[in-house]
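4 protein chains.
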Amino acid sequence: MAGSIYGTLFQISTWGESHGYGIGVTIDGCPAGLPLTEADIQTFLDRRKPGQSRFTTKRKESDKALILSGIFDGYTTGTPISILVKNKDQRSRDYGTILNTYRPGHADYTFDAKYGIRDYRGGGRSSGRETIGRVAAGAIASKLLTQLGIRITAYTKAIGPVTVPESDYDYACISQNSLYMPDNSYARQASEYLEKCITEQDSAGGIIECIVTGMPAGIGETVFEKLDANLAKALMSIGAVKGVEIGDGFQAAKALGSSNNDAFCASGDRVSKRTNHSGGILGGMSDGSPIILRAAIKPTPSIAQPQETIDKSRSPVSLSIHGRHDPVIVPRAVVVVESMTALTLADLLMINMSARMDSLIGFYRRELHC
Amino acid sequence: MAGSIYGTLFQISTWGESHGYGIGVTIDGCPAGLPLTEADIQTFLDRRKPGQSRFTTKRKESDKALILSGIFDGYTTGTPISILVKNKDQRSRDYGTILNTYRPGHADYTFDAKYGIRDYRGGGRSSGRETIGRVAAGAIASKLLTQLGIRITAYTKAIGPVTVPESDYDYACISQNSLYMPDNSYARQASEYLEKCITEQDSAGGIIECIVTGMPAGIGETVFEKLDANLAKALMSIGAVKGVEIGDGFQAAKALGSSNNDAFCASGDRVSKRTNHSGGILGGMSDGSPIILRAAIKPTPSIAQPQETIDKSRSPVSLSIHGRHDPVIVPRAVVVVESMTALTLADLLMINMSARMDSLIGFYRRELHC
Amino acid sequence: MAGSIYGTLFQISTWGESHGYGIGVTIDGCPAGLPLTEADIQTFLDRRKPGQSRFTTKRKESDKALILSGIFDGYTTGTPISILVKNKDQRSRDYGTILNTYRPGHADYTFDAKYGIRDYRGGGRSSGRETIGRVAAGAIASKLLTQLGIRITAYTKAIGPVTVPESDYDYACISQNSLYMPDNSYARQASEYLEKCITEQDSAGGIIECIVTGMPAGIGETVFEKLDANLAKALMSIGAVKGVEIGDGFQAAKALGSSNNDAFCASGDRVSKRTNHSGGILGGMSDGSPIILRAAIKPTPSIAQPQETIDKSRSPVSLSIHGRHDPVIVPRAVVVVESMTALTLADLLMINMSARMDSLIGFYRRELHC
Amino acid sequence: MAGSIYGTLFQISTWGESHGYGIGVTIDGCPAGLPLTEADIQTFLDRRKPGQSRFTTKRKESDKALILSGIFDGYTTGTPISILVKNKDQRSRDYGTILNTYRPGHADYTFDAKYGIRDYRGGGRSSGRETIGRVAAGAIASKLLTQLGIRITAYTKAIGPVTVPESDYDYACISQNSLYMPDNSYARQASEYLEKCITEQDSAGGIIECIVTGMPAGIGETVFEKLDANLAKALMSIGAVKGVEIGDGFQAAKALGSSNNDAFCASGDRVSKRTNHSGGILGGMSDGSPIILRAAIKPTPSIAQPQETIDKSRSPVSLSIHGRHDPVIVPRAVVVVESMTALTLADLLMINMSARMDSLIGFYRRELHC
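Chains as they are written, first to last, in the working numbering: chain A, 29 to 398; chain B, 29 to 398; chain C, 29 to 398; chain D, 29 to 398.
One chain only, chain A, in its complex shape:
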């Protein structure tokens, strides 16, 4: 199937392999009249760019975004926006040794099983570079949300066993450490943990958390296109994500109804909740409280330690991976989580506009019949 297309009204189509010409995305259905420049996209791409700390791959990529269509006089026109990021620093020779080998934890075997052919260079389409398309599109969705007063904040909640407790959160710290953690001292602990991983030729995973504020209530479509269902798919579609939670998530499974229920209260006409165990979603729709999401990221599968595996001919092989790999991908995945969240919200916000008959009548009276 066409698995590289995402969304219903705000739709994106991504393409590109790690060692091909480049990576790209076409955004189709972005509303007309959104101010947009390449700088808007670059800001997002720079957050996932390699080479920003010693915990990321040494591959050198400027990851420069070119907008090829869909913008006129600085505004979106409602037509498809094509964005291209060329690959520069491909070293395909690095991958010669793993041409026929199925790396543990990677998609080499499953690609072969499905397609019978595989662009093995740098992981091909299953490379982390694939997320460039998501992030470039996510930058646009984010800008759209900003204009509606919606703000997304994503950060690293945990690296391996080092978890920042909610009580210590200081969002100002997120941009102050290269791990995007909301506390600098935990970030230092996490760095030490990663140093140890590197020394031991090992790798780490972690947890990314994402908070959305300013969401109007009622976004999401029951029963299958629920807001939480779509967010879960969005996050789980990111390579290496193995778990997704909304609000209290797995903790809610252990709670009592009396403590998990959030009491409603009101201030004037505005409805809110005294607590937010629900993570801002009730019945699959936003409830007006902040949306709280978490994604569990597995450790980077590429490690330098020798690993047992097999090759294409089913013969046992011992494999040591000495490419340019991140000992942890969590920090670079923060902006990917943010992007997938933004894409999902933009789409559902657009869809929601026709939920009521009086909105339709008002729209066509106001906008079109004058």
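Note that these hints are calculated values from the structure, not bench results.
Cβ coordinates follow ideal geometry from the N, Cα and C atoms, glycine included.
Be aware that one or more of the hints could be misleading.
[To be verified] With the Cβ distance kept under 10 Å, some of the chain B side facing chain D (calculated, not the full set):
no., residue
1, C58
2, P59
3, P63
4, T65
5, A67
6, P108
7, L127
8, I145
9, G177
10, Y197
11, A200
12, Y221
13, I379
14, L388
15, R393
[Claimed, not checked] Derived pair list, reagent style DSS-like, types lysine-lysine, alpha-carbon separation capped at 30 Å:
no., chain 1, residue 1, chain 2, residue 2
16, C, K224, D, K224
17, D, K224, D, K77
18, C, K114, B, K77
19, D, K224, A, K88
20, B, K282, B, K340
Got chain A; can you put chains B, C and D on it based on the hints?
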């Protein structure tokens, strides 16, 4: 949007409210030639039927499935299969007191926020009865999978704090206790916990686990229509699910790459893995190992304890819910998780058939050109 | 695939065979707050009901619509609306002789070729009764359009060689003759032609025309989801339709640019065109002029004359069809064309609401943030 | 909405304006293992390239296709195939005069009405150059079909009033005249007609016909995703198409059932029909006979004659268009019709693979479980 439609090739469309005429589902795109009777569907529905233990609602519903179309001489014909389950034991008067009240943990407020109108009787469309459509369709998807040698086993892994450790699993027990737990003594502990919840006018949540065996490798479509992404959406679309995990899930976030990676091995031409931390999915495609899924279910929000909330006019209200409610929905949700898993797998298995050119050529040579 | 589902935001899912339990449709995504009763749907269904003139099948069907869900206190709630029409006058024994025979002009052979199994009773799913689902849903879409000031008028432009010229149109006549022609004297001519067809055990086709007024400009999505592209699909999906035209249609192919172009003019701020060769659509979007559509309907394939054909075992057979068949289906298809047009427009009108950034901003400021 | 995406399993996403960086398309869902080179695509693009005869625009474009992804070692890999065609000969200054003017027969007004902003340079997204994406993708779909033994032949049936009668068809001629007509003497007549159009500063339309041979029976999904319904949408989505016919099309409306019905016959196990009024489609599925399609193309709206119109401020304007425009677009649209047909067939052929349970069982036993 049309949020009550699910799937791409194997597609279902559900309808119905708790206190309306009934609940239904139309399955569109089911392959022709699958033997199917109402008994196949009834077996599944009976597993979610109320009144099976003292931990489920006292509402009496026979939940009898009628097949209205799409079957001829005992086989599916490839045309839409419509299934109807009539409602019997509606007591709308029970809900009069909450007509204008926003129950904590429920979708009353979000429905009002979105649509401005709400069928408040028994929760309307956000009632647990909505899942009847999922389960009736899931029964068909399951039968399809069985014919391909694929088997799904779902069960209650935890009720509140009572968790069955993997080391104690005995699948034979699942059907022996009313909580569908894979161990009878943990089931007894869980029952005691639930008794206490009832006494304290409180409710519990839990965790459902689901294992799929017999899956061929390569199912799932990169990059957005990944198998795990679709399963996450499928499960998170079930009301009350707040978290989803694949394989080691959130535990993977704390692991090292060296321990989380599963070594490939081979026996003859058949590829397998020495461990299964990945939960049977790599790069968004099935890897041939058992698929392992978990869903966290929040405690039933309807509790008899008095709760603070507001009504439609934004005035504070104290609410005690004395309807017929399950103190825990986990056991009845087991078959719902199984059904959503089956629907998702059937769809992706059908989609996968055109992944390779040689399959297309073979198919049209064999099946049609003779 | 799931071929019985139509639409993107305003989505319908139909089911049912000619001789099964009944025919049904689920409308998913209808905006909340539309007043709706069974009478609204019945009015539409009555226009396609058999037995209204001597040119329609003698099958007796009351075709009574039951609404099973989605309505509360007389209004749509935004949840799926399920509609059921039970079959009454099935005479399956009539079809015994054609159990294994491929009727010329029918779908018997293609159903067998695709599915290998076929509900032969009365044509099963390929029966004209399938359109009941379209019409029941179309009634709802039409009501929605009416509230936006959009009106659809469909009628029989031609029966066989008898064509009403545009100069003679009198829309008041449409409901005055059983052929739904916009001129009574042409209707009489057409009746005589049909009498001759009956006498000669033959059948006729014709042309249905459909005019939409009150459409705002800009509806339709370039480049593949154009308004005309979607209308063409909508109409061509009706059994027996073999051609579709917009505006001048095939006549435009012979015209010169200088005569085919419609000059724009303005009255105050309102833009219009001096002529309407375009049929109200330019660049795939409505241009504010009336939309003009035509569908060519082939003659009813069931005729009493003996016809050469084959049976399932590939043996030659001479076939005379003596069931209860319409000598012409055009009059009964008028409301089907109107319904498919309404469904397509409702969907595209909803989709169009998010075309501009300022609409999104306005909507979320007005409707939700107060 | 995302209107620039087409297809369900074989899906394409196009982008690009007439005077932007270029035009592109991403093909997602193409089966792995199809041999593919840039030359395959170039052959198709060359057929729609400007400057091939005196009846096409004088704009000079090499329209060179670059494949940016999805191909490895000469074969498709199952991942998205991105194709880029850069624009070269843009002369935006040519369009300065029509910046604020609504050209009759063009999409200027409807784009403004919908989006409030418009890339007026060369028609932006509504330019004929948009079809480059369709043709590049169509080349791939065509190659896929060829491997299944399916062949598409498209040609100009009529230019203005000059129509080639079926009795005179000689397919060998199609590539011998610059109008792609299946008869050289009619092509000469048509050329003379076009010369007269040029002299009179006018333009012409015409009819394109398309024949598909080698189609297996049973392709297409009832009831909305019928083969003819999808082909009608495909063709009507091409700018300037105002009518679509299958088989006898509008002639069928005038025929009698006895003459319009095609008698089935058999030769061994193979079913065929004595005539083909149905155009190879019955009940929305291919019937094994050649598929016959026709599209009516309106005259090029850009003409040098002065035309009455208005500008953005609603003031009357007299407009003479002196850009580089084709007096007829029909010959260049032939390959576009062929491409849209190929894309539609490839998609429906892939979808059809899961129509039967025994196909699924066979596939997963053969291909995967060995």
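Results for each hint:
no.: 1; hint: C58; in the structure: holds (9 Å)
no.: 2; hint: P59; in the structure: holds (4 Å)
no.: 3; hint: P63; in the structure: holds (9 Å)
no.: 4; hint: T65; in the structure: violated (15 Å)
no.: 5; hint: A67; in the structure: violated (18 Å)
no.: 6; hint: P108; in the structure: holds (9 Å)
no.: 7; hint: L127; in the structure: violated (38 Å)
no.: 8; hint: I145; in the structure: violated (26 Å)
no.: 9; hint: G177; in the structure: holds (7 Å)
no.: 10; hint: Y197; in the structure: violated (26 Å)
no.: 11; hint: A200; in the structure: violated (27 Å)
no.: 12; hint: Y221; in the structure: violated (43 Å)
no.: 13; hint: I379; in the structure: holds (7 Å)
no.: 14; hint: L388; in the structure: holds (6 Å)
no.: 15; hint: R393; in the structure: holds (8 Å)
no.: 16; hint: C:K224 x D:K224; in the structure: violated (47 Å)
no.: 17; hint: D:K224 x D:K77; in the structure: holds (23 Å)
no.: 18; hint: C:K114 x B:K77; in the structure: holds (27 Å)
no.: 19; hint: D:K224 x A:K88; in the structure: violated (61 Å)
no.: 20; hint: B:K282 x B:K340; in the structure: violated (45 Å)
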